[in-house]
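Chain by chain, the residues run as shown.
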Amino acid sequence: MITIQNSKFKIQNLILGKESVTRVLLVVLLITLAVLGMSLSLGDYPVLPVDIVKAVLSLPTLDPESPFVVITLRLPRVLISWLVGVGLAVSGAILQGLTRNPLADPGIVGVNAGAAFAAVTLIVLFPTVPTMYLPFAAFGGAFAMACLIYLLGGTGEKSPLRLVLVGVALAAIMGAFTTLMLTFGQINDVSRALVWLAGSVAGKSWEQVWQLLPWIVIFVPLALLLARELDTLQLGDAIAKGLGSRVTWQRSKLLLVSVALAGSSVAIAGTIGFVGLMAPHVARRLVGSIHQNLLPVAALIGGLLVAAADFLGRTMFSPTELPCGLLTAALGAPYFIYLMYQKRRR
Amino acid sequence: MSKSRVPILWKHKIQPLLTIGLFMVLLLCACSQTATHHQKFTSSQESTLANFRIVKHQMGETKLPISPKRVVVLDGASTEAVLALGVKPVGAPLKFLSYPLSQKQQAGIEDIGARTPNLEKILALKPDLILGLSDNQEMYGLLSHIAPTVLINYSYSTWKEMFWSVAQALGETTVAKQWMSQYYKRISEFKASMSNRLALTHISVLRIAGYTMFIKGSFFGNILNDIGLLNSLSQNLDALTSRRSIFTNGYVYVLSPELLNEADGDALFLISDTSFGLASAQKAREQLQVQPLWSKLKAVQQGKVYIVGSYWVCCGPLAANRVLDDLSKYLVETSYLK
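Those protein sequences? They're chains A and B, same order as listed. Take 1 as the starting number for the first sequence in the working numbering and just add one per residue. Take 1 as the starting number for the second sequence in the working numbering and just add one per residue.
It is worth saying that the hints were derived from the structure and are not from the lab. In this text, a Cβ means the ideal position worked out from N, Cα and C, and glycines have one as well. It cannot be assumed that every hint is accurate.
Cut-off 35 angstroms, straight-line C-alpha distance, at most; resulting in silico cross-link-like pairs (DSBU-like, lysine-lysine) [claimed, not checked]: (1) 126/B with 54/A; (2) 54/A with 69/B; (3) 69/B with 56/B; (4) 54/A with 63/B.
Far from chain A, some chain B residues (derived; all Cβ distances over 12 angstroms) [stated by the list, open to error]: (5) 104; (6) 110; (7) 128; (8) 137; (9) 301.
Chain B on its own, in the form it takes in the complex (with noise of 0.2 angstroms):
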């Protein structure tokens, strides 16, 4: 055939199998590497053994100090229940938490990054416990090398079992059960103050961003259902969920703007992000009051639109508090006013 005479630069083919080839070496002297790193880590763990304790944990057993003195955190959510808990981590991520944190509470924490936790940085500042969501098992491997890791599996509506998880991880159960039981006390409160109305306001909650309608399987809608504030509201949504059963996720589903109203209610708490800054948030605001059944909602006729941030949305007791706290703002003190 004709084609040996198609000019062949033969050298070229040696070229890329020779960087394989480099590479291939590299690794192999690599990989005795890992071996031998790895058995000076475990056998640095043996020799404390007695000052373990056994936690059970979605990846797993995790053999954890009795008092763990440096707590890395690898999301909001368990970053809320170790500073519900009174315990400073020495790392956490600080951005794009849907609780912000303030200075007072950020003071002394190392940032970690957000969404991927910063290895490194992690390693660095030499932590003797690790806790996280599920979210993160992939890193698992990893994480447990650096120190003993628990990561807990979390959604919404399990917050309480989340913190309650924590807590045990951090051996602070009688701290969270005090913490619980001020949770309860304040729910009470706010019952005892909202008296007969309580039953007959029904408040619905939208995000501003995508028009979003959160229900029962939320994060605060767990906390209305401590409440029993959403007994009155859920029928509503009950018939929502069964119209959209196939859209929704059990905690969320998006509201088309044509269907503004079925977001009335006698409070209507509106979700700002300010996560893209203030005025991002001001203009979402203005775009939805510019939306025609804005303004025949009731809520919006007696004035009974309160702007909330977004830790309505998620994740851990912090939020909660908060959440609470704008509750009894809104529903109890506006009506002494009257």
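If we strip away everything but chain A, and leave its shape as in the complex, we get (with noise of 0.2 angstroms):
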């Protein structure tokens, strides 16, 4: 196993110790704590830096209106994109390693495009069924979808990349189908459905983040247990056959890991791009490719790009507000490209 590693697969943060990881997670969750922090206090609604403090130890507050506007305003809505950031960041970092494709996302096993077929299906052609049942109605297009996808991916040695090609074309098929319900749709609807689309928590309540944090809660320990089967499964099926891993086996259950989080995240918020694709890479450069240090950085990288996103499209443009998966990609692709940049003049 030792000399494996240490010839031909070398992982290059062999060399980082305990110490950088813990601190890297550690900037991380304090960059976190202050857009918490940020989010809670600023916003259209004066509310005085004594009330914010008031409303979260529940304390009588000065201005009666604050506790609304701090607890059933802001705080959902700042949970609710970190947790969601959270579940896509680890469901990417899983599936770049399952398919050992680096442009691997959530995306890609059909999640989004499942989700955003049933959720657009259920509000134009069913526009009476009410908008409590849209989560449960997009979870179970994902899931339909990224089944379909690994039963025609397979199983075999080749199947990362089989999973990959047929995802995209999955994608793609309901993706045209999606547009279609679109065009045809009545304009009330199609304008619920487009904002469902943007990738958007504005407007979300405590309800919607019960409903989300027991898949973050089970899911993203349950990834993080299995974090060390991904490393074994990205020597290769060969290697890791050899190594006492059941492959198949444990390839579906990460993928089972992987599509509960995301599709659990698409069906709150709605397709948010490029977060799953993006923390990953940046936890990457960040603390390397082992997925026991990966997979949490990327998990707290994924949750504070959402909150910042939603932050920022909620004060930027105010009162106008600009949907986070809008911003998601506008804030982080800079970052991202600095990062590749400065890892290619290295």
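Build the complex: two chains, separate frames, hints provided.
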């Protein structure tokens, strides 16, 4: 085992000590907390700094509306955007490891396309169905799509590659049907669907936090437990089998985790692009590609990215709110390119 | 197994769990907070229960103040309806409206943002009534926290029903009746001045953006239907809709440049979107005019192409008046010149 690692499959971050990973984690966590603080304190409704602290601590506030603004309007938004970012980033990291493809993201297992198709179908064809069923439909679509891709992709040695190609093809088909639905839908249904498609956490409340939280709380630790299997699978099927890994079984488990995370995130917040692709790459540049280190850092970076995007989208052009799905790319891509550029110069 | 020799940084498993734990604590304390806040809100509502009336709408029943003083509207259609009823809202979306409000109309109205209304801004305006369309049903719960909220179902051809629902919510039904009788009076005046030309005039409407043809179920289609202008044209439309019955949503279909002749008529109204600036609207028109079939159109050869604004597409009573303005300007007045 050791010899294999040290000879051909040298993994760059073995040199990276515990301390540096912890440091990265702490820094990202601190920035996240700063974003949380800013999100809670800034907005169109002026709230006194004292009131923010009092509202969070459930003390009586000077302005009676402060608790509503801070706890009911602002906090669920930050939490949902953070949770969604965590879910998408971990899902993306797993898929990049699993398919050994740096371009992989939750989109390639059809999660986005499946969820979008199911949600738009529900909104356009069954406009009378209450909105509370929307996340269920989206999750169902995401899950069905992932299963279909998995069935068509197969489980053999070449399956990671087939998974990507089948995923791209099916996503294109679903995308076409979604567009068709949007073209011929009634105007108010279409405009509802477009808001959902843009990936927005505006108007989300505690109800959605409670819907999303169990998924993240269960599947993120599960992903961390499976991180070693992911490392083994990265060595290629032959070596992984030689190491005693039940390749197909492990791959299925990891796929399930990533679909659950991405599916639940997309179901709640709509299709927020680029996070699942970018967060793992940024994390890899910071702490290397051992998944034990990579997954937690990617999770925190993903959470930070979406939370920051929503905060900026809410405050930058106020009173007009930009959906956070639009800003994740605008915000993250330059940093992403900078990281790549730095890497090239070295 | 040799796996145990892979360097494992167990410590880092604890970190994310810690983070999650921290947020859980935050969540829990926050949740207790929301409960108490909600109680406070409902109790203040009950104290003035005597002054409320109940209105049924898309999302259920809502207790509304007898005469709302501070109205917030969430979209262009209900903004038009509220303004037509002579009520000045305290907050409304001011950007990206298909019927752009004049400076005078905008005065005193705070922008609450387009597409997704800015809830904090609405709260800061302290409304006593929130009016919107069912597009915003995702936010109904939070909106109702801020003020009694009425959400109305809307599609282009039901703009009069929407207008009536808004009037009921505001308690301004007499004004609405006056407005509607004024509207029908304008229509009969228009019909009288068109006299026998009415049945002979085939008009067609093309939106330059995306070569969109508008048909019966559209916003102005409803107005034309009231006038009776559509009758001669509608046979044509029936043929078209049956041909493309799968590919239409009842108010619009996309025209291929090769079938530009379908857009022909005795008068062709071009809807030119100026939301991306006058220059780009001009450019889009020029692109249409170089189409090979363009110069072959009867309306083009006779110089009966009229450029109108996006208020022909949507939404409410103010836009309807503008459509009537355009119709009488281009169909009645120009004929006097000849």
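To see whether the hints hold, each was checked on the structure:
no.	hint	verdict
1	126/B with 54/A	holds (22 angstroms)
2	54/A with 69/B	holds (32 angstroms)
3	69/B with 56/B	holds (20 angstroms)
4	54/A with 63/B	holds (32 angstroms)
5	104	holds (21 angstroms)
6	110	violated (8 angstroms)
7	128	holds (14 angstroms)
8	137	violated (6 angstroms)
9	301	holds (32 angstroms)
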